[in-house]
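So the protein sequences, as listed, match chains P and S.
Residue numbers for the first sequence follow our numbering, so the first one is 1 and each next one is one higher.
Residue numbers for the second sequence follow our numbering, so the first one is 1 and each next one is one higher.
Hints in this document: simulated from the structure, not taken from any laboratory.
By construction, the Cβ of each residue, glycine as well, lies at the ideal position given by its N, Cα and C atoms.
Watch out, some of these pointers could steer you wrong.
[To be verified] Once the Cα atoms are required to be at most 25 Å apart in a straight line, the calculated DSS-like pairs of lysine-lysine come out as:
#1 Lys64/S - Lys190/S
#2 Lys26/P - Lys107/S
#3 Lys64/S - Lys40/S
#4 Lys107/S - Lys40/P
#5 Lys64/S - Lys129/S
#6 Lys107/S - Lys37/P
#7 Lys107/S - Lys19/P
#8 Lys10/P - Lys107/S
#9 Lys40/P - Lys19/P
#10 Lys118/S - Lys107/S
#11 Lys2/S - Lys118/S
#12 Lys129/S - Lys192/S
#13 Lys37/P - Lys19/P
#14 Lys77/S - Lys64/S
#15 Lys190/S - Lys77/S
#16 Lys10/P - Lys64/S
#17 Lys40/S - Lys23/S
#18 Lys64/S - Lys55/P
#19 Lys129/S - Lys207/S
#20 Lys40/P - Lys23/S
#21 Lys64/S - Lys60/P
#22 Lys10/P - Lys37/P
#23 Lys116/S - Lys207/S
#24 Lys118/S - Lys40/S
#25 Lys77/S - Lys10/P
#26 Lys116/S - Lys192/S
#27 Lys116/S - Lys23/S
#28 Lys155/S - Lys118/S
#29 Lys155/S - Lys192/S
#30 Lys207/S - Lys23/S
[As the list claims (entries may be wrong)] Which chain S residues stay away from chain P? Per the calculated CB distances, all over 12 Å, these:
#31 Pro9
#32 Glu151
#33 Lys207
#34 Leu209
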Amino acid sequence: MTAIVNIFLKQGVLDAQGKAVFHALKSLHFDTIQDVKIGKQIIVDLDTQDYNQAKEDVTKMCEELLANTVIEDYTIENIK
Amino acid sequence: MKAAILQFPGTNCEYDTQYALNKLGVQTTIVWHKDTILPKDTDFIVLAGGFSYGDYLRCGAIAKFSPIMNSVIDFAKSGGHVLGICNGFQILTEVGLLPGALKRNDKLHFISRHHKLKVISNNNSFLNKFQINETINIPMAHHDGSYYIDEISLKELYDHDQVLLKYVDQNSHDTSPNGSTDSIAGICNKNKNIYGLMPHPERAMEKLLGSDDGVKMLEGFFST
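Construct the complete structure from the given sequences, taking the supplied hints into account.
Next up, the structure:
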């Protein structure tokens, strides 16, 4: 199975890269732009067909290594 | 005194740290991260600066799983003195031995220059030779040194006298060159045996090189 992990800085933690890109897009006259957030996406391949086990394993990976939950939130999507 | 200086792949301040400690008469051993035990009679551990594991994923995130870290955690939990400088500080927060986290500098610049720091607390082994509010000149060199801690944990830091050093400007007013919460440059744990700071005291050992204020800092650990 494969799982997609998305990691972003928590609300209230300044996303300096997102802010810099936001201003760059503004200066390119994309006037509709309201906000930019930059995070990372990690695609994990797993040697199991068990959805629950995959979800449990990837959650543990996020808690122990993939995300720093002091400053980051994570979501696990598309386990299939 | 015997100090162990940890060396991960990508560490680059281990020899500066060794120079600094040797200058103070401390015996040093550089310990490779794949070792599982510390040298016999180690009574001080330094996690030196650099870019362990190329800062992959997050600074310090992968180093925390190095084989030597179990011994470091045991040493720290039994009250041994541990100092994390720069990347070492990042590793200690990732391991959970120190609260908070270090993130990308607010203005996205790698900042490499001497900076004034103000001593906030001297009731600890690290800064006991300084007066409170004394200012010192120590180099900083980092891209990911913006200290972040949430409000509740920040209050706890102050309540337990764990804020050690702040960045200040030429007039000794708090400033935050990297966006650190409350201008914090260095902290310790509640038990005051685990220390972390982003600036580099080991690079401030010779007046000829701009400052020797690091001598007085590091001496604190060895003069009791």
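Fill in: Hints violated by the structure (numbers, ascending)
Violated: hints 5, 11, 20, 24, 25, 32.
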